[in-house]
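Enquirer: Here are the chains, one letter per residue:
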Amino acid sequence: MTTTTDAFRFDPARFLRNGAGGHGRLLGLDYHAHGADWVELQLPYSTDQIGESETGVIASGPILSMMDMATSMAVWLKLNAFRPHATLDLRVDYLRPATPGKTVVGRGECYRISRSIAFVRGQAHDGDPDDPLAHVAGTFMAPEGYL
Amino acid sequence: MTLPPYADLLGLSVDPDDESVLIMPFADGVLGRPDFLHGGAISGLMEMAAIVAVRQALAEEGGGRIKPINVTVDFMRGGRDKPTRAQGVVTRLGTRVANVEATAWQDDRSKPIAAARLNYLIARP
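Chains as they are written, first to last, in this note's numbering: chain A, 957 to 1103; chain B, 14 to 138.
Everything labelled a hint here was simulated from the structure, so no lab data went into it.
Cβ coordinates follow ideal geometry from the N, Cα and C atoms, glycine included.
Take the hints with a grain of salt, since some may be wrong.
[Stated by the list, open to error] Computed footprint of chain A on chain B; a stretch qualifies when at least three of its residues, placed anywhere within it, have a C-beta under 8 Å from a C-beta of chain A:
hint, region
1, 27-33
2, 42-50
3, 101-112
[As the list claims (entries may be wrong)] Restraint ranges, calculated between C-beta atoms of paired labels, are given here:
hint, chain 1, residue 1, chain 2, residue 2, range
4, B, ARG78, A, LEU1103, 42 to 52 Å
5, A, PHE1038, B, SER33, 35 to 45 Å
6, A, LEU1051, B, ARG105, 28 to 38 Å
7, A, ARG1052, B, ALA40, 24 to 34 Å
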């Protein structure tokens, strides 16, 4: 039997452990869960990510970073293949401040892939998925194409 | 102006030539894929530059607290192994809302690597 691309399984936990150093490691980003077209990452509370010293609320940048990575990995999961791509744009609505001391969980989902553009969305919460703190929508582009 | 701990985490400093410009050095902690800046770090830099701009504009009108409403980032070029600068421009400072545009660039300011639009809620004293 010949092997097909179906034999490839993109493993987000392994990818995060081995491939994603740099900024992900600086933020302490970790794998949480995944499905066929979504990934959940987690961002532990850290005082060095505080954006407002008076309140202890973390800056919005680390949440955007996590959602960028979660949505990016969701594209590879939906494709069931790795393709080099880059974020074209990302919008984040900050629904409420993250609670100081709590881990933030970010869920990124890929809901549509065209020849060169992948469309993503996601939400972040700090314990209760029904009480999200951020909502994101964005696109990725694969210079060599997805399909 | 004191920057929050997150700015220190990114290694940000104020440009000695222009105090409205922030500089982020190229370092392992702000990388995404190998040899390129992480989009989230570039966004974090622009958000800090936007906050500096809003705080500055508010200070001239008696100060106030700000809360982020949303941010939309366009990524235009990969961030390479060199320092990145960012500046925020307040396009409108209203009673309750500030609209800000921020850009990030490396060698050439006319070739931004990313741009962001940010909206802030303002609470005046």
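Enquirer: Indicate, hint by hint, whether the structure satisfies it.
Expert: To see whether the hints hold, each was checked on the structure:
no.: 1; hint: 27-33; result: violated (count 0)
no.: 2; hint: 42-50; result: holds (count 5)
no.: 3; hint: 101-112; result: violated (count 0)
no.: 4; hint: ARG78(B) - LEU1103(A): 42 to 52 Å; result: holds (48 Å)
no.: 5; hint: PHE1038(A) - SER33(B): 35 to 45 Å; result: holds (40 Å)
no.: 6; hint: LEU1051(A) - ARG105(B): 28 to 38 Å; result: violated (23 Å)
no.: 7; hint: ARG1052(A) - ALA40(B): 24 to 34 Å; result: holds (31 Å)
Of the numbered hints listed earlier, those contradicted by the structure are 1, 3, 6.
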